[in-house]
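Participant: For reference, the chains in residue letters:
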Amino acid sequence: ILNVEQSPQSLHVQEGDSTNFTCSFPSSNFYALHWYRWETAKSPEALFVMTLNGDEKKKGRISATLNTKEGYSYLYIKGSQPEDSATYLCAQETSGSRLTFGEGTQLTVNP
Amino acid sequence: DTGVSQNPRHKITKRGQNVTFRCDPISEHNRLYWYRQTLGQGPEFLTYFQNEAQLEKSRLLSDRFSAERPKGSFSTLEIQRTEQGDSAMYLCASSLAGVGDTIYFGEGSWLTVV
Numbered sequence: 001i002l003n004v005e006q007s008p009q010s011l012h013v014q015e016g017d018s019t020n021f022t023c024s025f026p027s028s029n030f031y032a033l034h035w036y037r038w039e040t041a042k043s044p045e046a047l048f049v050m051t052l053n054g055d056e057k058k059k060g061r062i063s064a065t066l067n068t069k070e071g072y073s074y075l076y077i078k079g080s081q082p083e084d085s086a087t088y089l090c091a092q093e094t095s096g097s098r099l100t101f102g103e104g105t106q107l108t109v110n111p
Numbered sequence: 112d113t114g115v116s117q118n119p120r121h122k123i124t125k126r127g128q129n130v131t132f133r134c135d136p137i138s139e140h141n142r143l144y145w146y147r148q149t150l151g152q153g154p155e156f157l158t159y160f161q162n163e164a165q166l167e168k169s170r171l172l173s174d175r176f177s178a179e180r181p182k183g184s185f186s187t188l189e190i191q192r193t194e195q196g197d198s199a200m201y202l203c204a205s206s207l208a209g210v211g212d213t214i215y216f217g218e219g220s221w222l223t224v225v
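Same order as they appear, the protein sequences are chains X and B.
The first sequence maps to residues 1 to 111 in our numbering.
The second sequence maps to residues 112 to 225 in our numbering.
Treat each hint with caution, since some may be false.
To be verified - On the chain B side, residues computed to face chain X include the following (Cβ under 8 angstroms):
| hint | residue |
| --- | --- |
| 1 | L166 |
| 2 | M200 |
| 3 | F216 |
Please keep in mind that the hints were generated in silico from the structure rather than gathered at the bench.
The C-beta atom is built at its ideal place from N, Cα and C for all residues, glycine as well.
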């Protein structure tokens, strides 16, 4: 993997469903993995920063895991709500705190 | 709330004109970054500052682009002789100087070149 890749590109779920997204990244030159939630007309909101293989972070109904050896991270949302609708971006941090972003997963939660 | 502040939020300009965007980072953040985002893509790194020193510039930053951070506080991004391909959202972010520190973004400045 040469670039940061996210899947799926978009996702529609019903309120109450649990869902997850994948972020794949090059395992070389890895410093940290960042997750953001970006709603239209707002600034990207920092969700998690993970640095160690096996890291797991949780914030309310949202959690994330990190596997640096195989180069992937999962973001989970439990019991999706309409206010979770947003674009979720992951970014690999390389030297100099430079972030390389994926193209994002656009989540729509239907009431 | 003293988050990252950017202005103007929207700018429409004619091709060939110069435009300048300003970013006020979170106070005491040593690092300041500029990113650009076009539709359907994730943000792309342009440049970053450690205090007032510009430490890295992307190949995306052509000679028409210049960024400054005088006194290590606010920053400006100027685009000279704008082209239609410059139409994008320009995002500013700031962080403390450390690996794995949270990087906080502003709301962005939309540029439309007509």
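Participant: Now tell me, hint by hint, if it's right for this structure.
Facilitator: Going through the hints against the structure:
no. : hint : verdict
1   : L166 : holds, 6 angstroms
2   : M200 : violated, 11 angstroms
3   : F216 : holds, 4 angstroms
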